[in-house]
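Visitor: So the chains spell out like this:
2 protein chains.
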Amino acid sequence: MLFEEYWPYFVVGLFLYVTVRVSYVFYKGLQKRNMGLDKKNEDFGKLNRTNQVNDVDMDKDSSSEEDGIIPALPSDLKHIPFNFEKIPEEIAIAKSEEFFEMMNKRRTVRQFSKQPVPLEIIHNIIKTAGTAPSGAHTEPWTYVLVSSPQTKQTIREIIEEEEEINYTRRMGKVWTTDLKPLRTNWVKEYLTDAPYLILVFRQTYSLRDNGNKKLHYYNEQSVSIATGFLLAAIQYAGLVSLTSTPLNCGPALRTLLERPTNEKLALLLPVGYPADDCLVPDLYRKSLKEILVEF
Amino acid sequence: MLFEEYWPYFVVGLFLYVTVRVSYVFYKGLQKRNMGLDKKNEDFGKLNRTNQVNDVDMDKDSSSEEDGIIPALPSDLKHIPFNFEKIPEEIAIAKSEEFFEMMNKRRTVRQFSKQPVPLEIIHNIIKTAGTAPSGAHTEPWTYVLVSSPQTKQTIREIIEEEEEINYTRRMGKVWTTDLKPLRTNWVKEYLTDAPYLILVFRQTYSLRDNGNKKLHYYNEQSVSIATGFLLAAIQYAGLVSLTSTPLNCGPALRTLLERPTNEKLALLLPVGYPADDCLVPDLYRKSLKEILVEF
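Those sequence lines, one after another, are chains A and B.
Everything in the first sequence is counted per full-length UniProt numbering, starting at 1 for the first residue and increasing by one.
Everything in the second sequence is counted per full-length UniProt numbering, starting at 1 for the first residue and increasing by one.
The set of hints was computed from the structure by calculation and includes no laboratory data.
Ideal Cβ positions, reconstructed from N, Cα and C, are used throughout, including at glycine.
A few of these clues could be false.
As the list claims (entries may be wrong) - Simulated crosslink set (EDC-like; lysine to aspartate or glutamate; CA at most 20 Å straight-line):
(1) A:289 / B:120
(2) B:114 / A:89
(3) A:286 / A:97
Said to hold, decoys possible - Now the stretches of chain A that chain B is said to cover, found in silico as 3 or more residues with beta-carbon under 8 Å:
(4) 93 to 101
(5) 144 to 158
(6) 178 to 192
(7) 225 to 238
(8) 276 to 289
Using the sequences plus the hints, can you model the full thing?
Guide: Below is the structure:
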C-alpha cells in the first residue's frame, strides 16, 4: 500500500500541523494579554503575568520617550485645584431623594409619538453623555443622530430583516421565551415613529497625529457608562427612550452611516415622546435590600 | 525501531486527538452562540447563524412551555398604560441645559476627604442605579457598600499589591505611558480615605426557584449603564467619585466580600467629598461637533 511506504511523511505532516496550530493560538493569546484587551476572560480585567518585564520607574519621565512612546495626553499636563462647592447635608439628602424619584419614573418605551422634539434638547443630551469618564480619558464615542425619514426607513429595513432571523433562529428558545412577557418581536415601528434615533458607536482605537494607534482602554465599559448619562439626561428633559441592541446589524449600519472600521455599533436609542396609548410591562424593580450588601 | 513497528497506533492516536480537539472547540462555539453569549466577537452582538431552526410562533405561547422552558418574567405579565407627564418645550430646553452644566462640572477625583457622608444619600444613590434598564429586565447587579475601616484596609492591601504588578509588568509601556499625565500609580490612598467604597458586581447569571439558570443577557453593558446612573446620582447629590477598574483583583475581592462565583467585580467607586487640596488634571473635553454626526 502507498500508505505503508509514505507513512513517515504523513506522521511528520500531522505533527507539524498540530504544532503550528497550538503555537498560533498561544501567540494570539499572548498578544491580546499584552495589550490588556483579552476579552476571553469572563473574569473582568484578569491578565496573566506576561514574560515581559517593564522597568517603569514613575520618576523617570524620559524612559518611555527614549523608546519613542509618547503618551496620548500631553506629558506636561498640568494639575489644577478642583473647583468644588459643598452642598449642605440636609439639602444633599433631599436632592438625592428627588433624583431617585425622578429616575424611578423612567421606563423603557417601545411606542413613540411622531411629535417633533427641539433639536437643542437632543444636542444638550449628547453633550451630557460626552461628560462621562473614560479609560485614560480617551472619550471613545461617536454619536450618530438620525432625523432624516429616509435614513430612518433604511435603518428600519436593515434591522427588521436581521431581527427576524434573530428571533426565529439565532437567539434560541430560552432567550426568546424570556422576552415573550415583554412582547417584543422583529417589527420595530419606533425606528420610523420616533423623531430621533441616536446610534452610539464605540471607537476601539483611534489614530494620533503621527499615525500611531491610540489605544482605547475599556472602551466598551466607557461607552456604556456614557449611555447611562445619556439616559439620565433624556429622563431629566422629559423625554423617553429604549436601550436597544440590534443583534448582527452593526456592519450594515456602520456602512450606511459611513463610520470607519475602528468603530463598532454599541447601542441604538430612539428618543422622543411616548405614544398617547403607550403601554409598558407592569414590571417590578428590586428593592434596595435585594441589590445592596453592606460591610 | 519500536516506532517502525507501532506507527499505525501512533498515527491513529494523533488523528483521534486532533478530531476530538476540533470537535470540542466547535461544540463549545455552538453552545455559546445558542445562548447568545459569544463574547469572542469584537463586533458587538454578532452571532453566526446556527443550524438549529426554532419555530417560534409569537402567537403560540404554549410552545416553549411544552419544552419545559419557562420565561424568567411571568408569562401573563400585564401591560399597563404608561404614566407620562409632558414637560413644555421651553422648560425642557432649560432643564436639558441645566443638567448638562451640572454634569460638566463632574470630575474624576483621586484625593478624598475623610469627612463622613450621611448613609441615606448613599442608599438613594444606589437605589437610583437600580432603576437602570437591563437585558430582559434581569437587573444583574449587586452593590457592595463598604464603610468599615478594617475592610477598607484589607481591600487596599489587596489592590495595591496587584496594582504594583500591573504597573510594573502587566500593563506594558504604552498603557502606563498613556496614564502618566494622569499621575496614577499603585498607591491608592482613596481606598482608606473615602468614607465609602461601592464595589459593583455583575451577575453573569442567577438561579430561579426551580434551580434552573436564569440567563443575564448583556449583563456587562447593563451594569455599566447602571454605573452611569450611579455617577449621575453622585454628582447630583454633590459628592465625588472615581471610576476604577482594579485589574486582576476580582477573585480576591469577591472572596473577601463573600460574593458567589456567578458574580464578577465590574468596578470600584470610592464616594465622598474631595480633599481640600484636591487637584485634577487640566483636561479638555471634546466639543459637540467632535462627537456628533448628523443624518
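Visitor: Verify the proposed pairing of residue 114 (chain B) with residue 89 (chain A), using a straight-line Cα cut of 20 Å.
Guide: holds, 15 Å
Visitor: Are the Cα positions of residue 286 (chain A) and residue 97 (chain A) separated by 20 Å at most?
Guide: holds, 17 Å
Visitor: Against chain B, does the segment 276 to 289 of chain A show at least 3 residues with beta-carbon separation below 8 Å?
Guide: holds (count 10)
Visitor: Taking 8 Å as the Cβ threshold, is the statement that the segment 144 to 158 of chain A is covered by chain B upheld or broken by the three-residue rule?
Guide: Held - the segment 144 to 158 of chain A has 6 residues with a Cβ nearer than 8 Å to chain B, which meets the minimum of three.
Visitor: How does the segment 225 to 238 of chain A fare against chain B when you require at least three residues with a CB closer than 8 Å, holds or violated?
Guide: With 12 residues close enough to chain B, the hint holds.
Visitor: How does the segment 178 to 192 of chain A fare against chain B when you require at least three residues with a CB closer than 8 Å, holds or violated?
Guide: holds (count 7)
Visitor: How about the segment 93 to 101 of chain A: do at least three of its residues have a C-beta closer than 8 Å to a C-beta of chain B?
Guide: holds (count 6)
Visitor: Below or equal to 20 Å on CA atoms is what counts here, so check residue 289 (chain A) against residue 120 (chain B).
Guide: The given pair, whose Cα atoms are some 13 Å apart, holds under the 20 Å limit.
The structure meets every hint from the earlier list without exception.
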